[in-house]
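Protein sequences, first through last, are from chains A and B. Counting in UniProt numbering, the first sequence runs from 1 upward without gaps. Counting in UniProt numbering, the second sequence runs from 1 upward without gaps.
Treat each hint with caution, since some may be false.
Claimed, not checked - Computed beta-carbon distance windows for the label pairs:
| no. | chain 1 | residue 1 | chain 2 | residue 2 | range |
| --- | --- | --- | --- | --- | --- |
| 1 | A | Pro239 | B | Trp30 | 36 to 44 Å |
| 2 | B | Lys85 | A | Gln192 | 48 to 56 Å |
| 3 | B | Glu205 | A | Pro267 | 44 to 52 Å |
| 4 | A | Asn188 | B | Ala290 | 54 to 62 Å |
Unchecked claim - Using 30 Å as the maximum straight-line C-alpha spacing, the simulated BS3-like pairs for lysine-lysine come out as follows:
| no. | chain 1 | residue 1 | chain 2 | residue 2 |
| --- | --- | --- | --- | --- |
| 5 | A | Lys176 | A | Lys281 |
| 6 | A | Lys197 | B | Lys85 |
| 7 | A | Lys128 | B | Lys85 |
If you are wondering where the hints come from, they were derived from the structure by calculation, not from laboratory data. A virtual CB, placed ideally from N, CA and C, is assigned to each residue, including glycine.
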Amino acid sequence: MHSVGICGSDVHYWQHGRIGDFVVKEPMVLGHEASGTVVKVGSGVTHLKPGDRVAIEPGVPREVDEFCKSGRYNLSPTIFFCATPPDDGNLCRYYKHSASYCYKLPDNVTFEEGALIEPLSVGIHACKRAGVTLGSKVFVSGSGPIGLVNVIIAKMMGAASVVVTDISASRLQKAKEVGADFIVQVKNETPQEVASKVESVLGCMPEITVECTGVQACIQAGIYATRSGGTLVLVGLGPEMVTVPIVNAAVREVDIRGIFRYCNTWPVAIALLASKRINVKPLVTHRFPLEKALEAFETTKRGEGVKVMLKCDPNDQNP
Amino acid sequence: CVNTSLAFGTQEVLLRMHSVGICGSDVHYWQHGRIGDFVVKEPMVLGHEASGTVVKVGSGVTHLKPGDRVAIEPGVPREVDEFCKSGRYNLSPTIFFCATPPDDGNLCRYYKHSASYCYKLPDNVTFEEGALIEPLSVGIHACKRAGVTLGSKVFVSGSGPIGLVNVIIAKMMGAASVVVTDISASRLQKAKEVGADFIVQVKNETPQEVASKVESVLGCMPEITVECTGVQACIQAGIYATRSGGTLVLVGLGPEMVTVPIVNAAVREVDIRGIFRYCNTWPVAIALLASKRINVKPLVTHRFPLEKALEAFETTKRGEGVKVMLKCDPNDQNP
Numbered sequence: 001m002h003s004v005g006i007c008g009s010d011v012h013y014w015q016h017g018r019i020g021d022f023v024v025k026e027p028m029v030l031g032h033e034a035s036g037t038v039v040k041v042g043s044g045v046t047h048l049k050p051g052d053r054v055a056i057e058p059g060v061p062r063e064v065d066e067f068c069k070s071g072r073y074n075l076s077p078t079i080f081f082c083a084t085p086p087d088d089g090n091l092c093r094y095y096k097h098s099a100s101y102c103y104k105l106p107d108n109v110t111f112e113e114g115a116l117i118e119p120l121s122v123g124i125h126a127c128k129r130a131g132v133t134l135g136s137k138v139f140v141s142g143s144g145p146i147g148l149v150n151v152i153i154a155k156m157m158g159a160a161s162v163v164v165t166d167i168s169a170s171r172l173q174k175a176k177e178v179g180a181d182f183i184v185q186v187k188n189e190t191p192q193e194v195a196s197k198v199e200s201v202l203g204c205m206p207e208i209t210v211e212c213t214g215v216q217a218c219i220q221a222g223i224y225a226t227r228s229g230g231t232l233v234l235v236g237l238g239p240e241m242v243t244v245p246i247v248n249a250a251v252r253e254v255d256i257r258g259i260f261r262y263c264n265t266w267p268v269a270i271a272l273l274a275s276k277r278i279n280v281k282p283l284v285t286h287r288f289p290l291e292k293a294l295e296a297f298e299t300t301k302r303g304e305g306v307k308v309m310l311k312c313d314p315n316d317q318n319p
Numbered sequence: 001c002v003n004t005s006l007a008f009g010t011q012e013v014l015l016r017m018h019s020v021g022i023c024g025s026d027v028h029y030w031q032h033g034r035i036g037d038f039v040v041k042e043p044m045v046l047g048h049e050a051s052g053t054v055v056k057v058g059s060g061v062t063h064l065k066p067g068d069r070v071a072i073e074p075g076v077p078r079e080v081d082e083f084c085k086s087g088r089y090n091l092s093p094t095i096f097f098c099a100t101p102p103d104d105g106n107l108c109r110y111y112k113h114s115a116s117y118c119y120k121l122p123d124n125v126t127f128e129e130g131a132l133i134e135p136l137s138v139g140i141h142a143c144k145r146a147g148v149t150l151g152s153k154v155f156v157s158g159s160g161p162i163g164l165v166n167v168i169i170a171k172m173m174g175a176a177s178v179v180v181t182d183i184s185a186s187r188l189q190k191a192k193e194v195g196a197d198f199i200v201q202v203k204n205e206t207p208q209e210v211a212s213k214v215e216s217v218l219g220c221m222p223e224i225t226v227e228c229t230g231v232q233a234c235i236q237a238g239i240y241a242t243r244s245g246g247t248l249v250l251v252g253l254g255p256e257m258v259t260v261p262i263v264n265a266a267v268r269e270v271d272i273r274g275i276f277r278y279c280n281t282w283p284v285a286i287a288l289l290a291s292k293r294i295n296v297k298p299l300v301t302h303r304f305p306l307e308k309a310l311e312a313f314e315t316t317k318r319g320e321g322v323k324v325m326l327k328c329d330p331n332d333q334n335p
C-alpha cells in the first residue's frame, strides 16, 4: 500500500462502532480510499503485473446476482467492502484484493490522485444519478469533501453554474478554489429562505440539487430549491426518519434519488485524471506516515482541512 | 355554464358536452373549497374528465370539424415556456386546467377549448371511454415515470380509481405481476376484475409488515411501487417494499409534510418520483382504446343526467362505486 485517505465513515466506526446496521463486532482494519503497487499476482490475472501502480475500488461483489448482471453491483447485498464491518479495509502495509477491482494508474497520475478516486467516485455517481449535463444549474448543499468532489465533477460534466452552501466560510472558500461559481454561507435561515437565496444568486432555480449533509433542514431546502421537473440527489446520510415536504417535491415532479456508494466510476476517474483536466490535489491538506495514524485520525475527527492522507510505504512518502 | 361568454378564438373549438366523470378533486373543491394553494374564490364550474362533439371550429383549426367526437385534455398551457418546449408542459406554472381555480371545468352543456387539446375519437371508442382517458392518463404518466416495462413486478398501493387505472396500464405495459393493497375488500375485488394478479387486504400492519406481505405474495420485492393513497404509512410501506435500485412513484397526495425513512430509500437507491397530472398521454390512450386491448368499461359504475349532478356528487362523496359519469347531452345519454 502507498496512500490511503481517511473518510468520515472511518472516523465514525472508530468513534461509534457502527453505522446503521453495520456494526463492528470484532477488530477491523479501516481505510478504503487507497492506492498501491502490485507485488504479486494470482495465476489467473492477466491485466496486471508486479510493479504496476494501481487504484483500488473497495467494493467487490461476492456473487453474480441480478444487481451485478445489470451493472448495479454496488447494490449487491453480499458485496465485500473495505472497512465496512465485518470486512477489513486497506490501511496497512500489504493488502490483497480482487484484481478486477484494481485499476492501473497511468504514469502521469500520482498515488494520491489514485487514492482520491474513491471520494471522487461518490461525486461521479451522484452527478450521474442527478443527470448533470451540459448547461446544468447545480446546487450543492454542503462544502465538506463530498460537496467539493461534486463541485469538481459537476463542472467537468459541463454544468453552467454551481452554487454551494455551507455554515462554514472557510469550507466555502475551498469550494470556490475547486470551481464553485457561487458560494452562500447559511446560518439561521429557514429551508425556504435558503432555497430563495440559492435561486437569487443563480438567477434561476437549479434543475439539480446534490445534498451532501444529511441534515433534515438541508434536505428540506433541497426540495424547495429544486426546479420543477428536476432532481434532488441525496448523498449525505442522516437520521433514518426525516420529516420532509414530500408533496412539494411530488407535485412538481422533483425526483428524489439517493446514492449508495458508486459503480463503474474508476475507469472514468482515471481517464479524467490522466487528461489533466481536473485538479484534485487541493483536496489533500494533511499527510501523516502510517505510524502516526492516530494523530491523522484525530486531525480528521476535529474536522481540520479536507482530506488527510496516510502514507503507508516507508520508502516512498511522496504524493 | 357560469361563463356565458363564448367569444371564440381561431384555435378553439366549441363542444357539445356528452360525458363527464367526477374526480375526487372535484368533490374536494366542492366540500373544502381548496386543494393546497389552489383556492376557490369565485364560483367555478367543476369537471375535467370529459368528452363531447365538435359543433363549431375556429378559423385556424384544420384537424377537427363539426360532428367530430373528441376527448378533452383539460390542461392547456398559456405560454410557450421552457417546460412546454421540453415536452413537460404539465409543469408549466401558468397552465390552464379545467376545474382548478380559477379555471372553469367542462361539466356543462357547451364548452370551448383549445383545438390542440381535443383529440378525435375513433368510431369504436365510446364517449365514456373518451372521458375515462383523463384518469387513465394519470396511470399512463405514473407508470411511465415509474419505468414499468416488460417483466416488471409492480406494487400498487391503494385500490381506488387511481389504483385501478395503474393496474390496467401496468399490465398493458407488460408487467409480469401486479399486487394491490387496500383496506377495503370490495375495492380489492375490483382490482382483481381489472387484472391485478394478487390482492392483499391490510388493516393494522406496520409499514414494514405490509412490505413483507407484498414481497411474500409476489415472491420477490417489487422493482416498482405506485403509491396511490397519499397516506404517510403507505408511503413508508412503499419505501420498505421496493427493491433496491427500483422506483417509488407518488401519485396520491396527502399532507404537505410527511415523516419517511428517506435514508432507507436513499441507501438502496430507491428513487422517489412524484407525478403532476400527465403530459403526452391522450394519443397513447386513444390508440390503446381503439385497439380493444384494454377494457375500462368496468370502471363506470354509476350514471346520472346532468340535472341530477348533485345526486351524482353525493354518490361520489360517499365513496360508492368507482367512476360516476354525468351525462350532459339530453339527446344522447348513451355510454
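Against the structure, the hints:
1. A:Pro239 x B:Trp30: 36 to 44 Å: 40 Å, holds
2. B:Lys85 x A:Gln192: 48 to 56 Å: Given a distance of about 28 Å, which is not inside 48 to 56 Å, the answer is violated.
3. B:Glu205 x A:Pro267: 44 to 52 Å: 45 Å, holds
4. A:Asn188 x B:Ala290: 54 to 62 Å: Between Asn188 (chain A) and Ala290 (chain B), where Cβ atoms are some 59 Å apart, the hint holds.
5. A:Lys176 x A:Lys281: It holds: about 14 Å lies between the C-alpha atoms, which stays within 30 Å.
6. A:Lys197 x B:Lys85: 27 Å, holds
7. A:Lys128 x B:Lys85: 24 Å, holds
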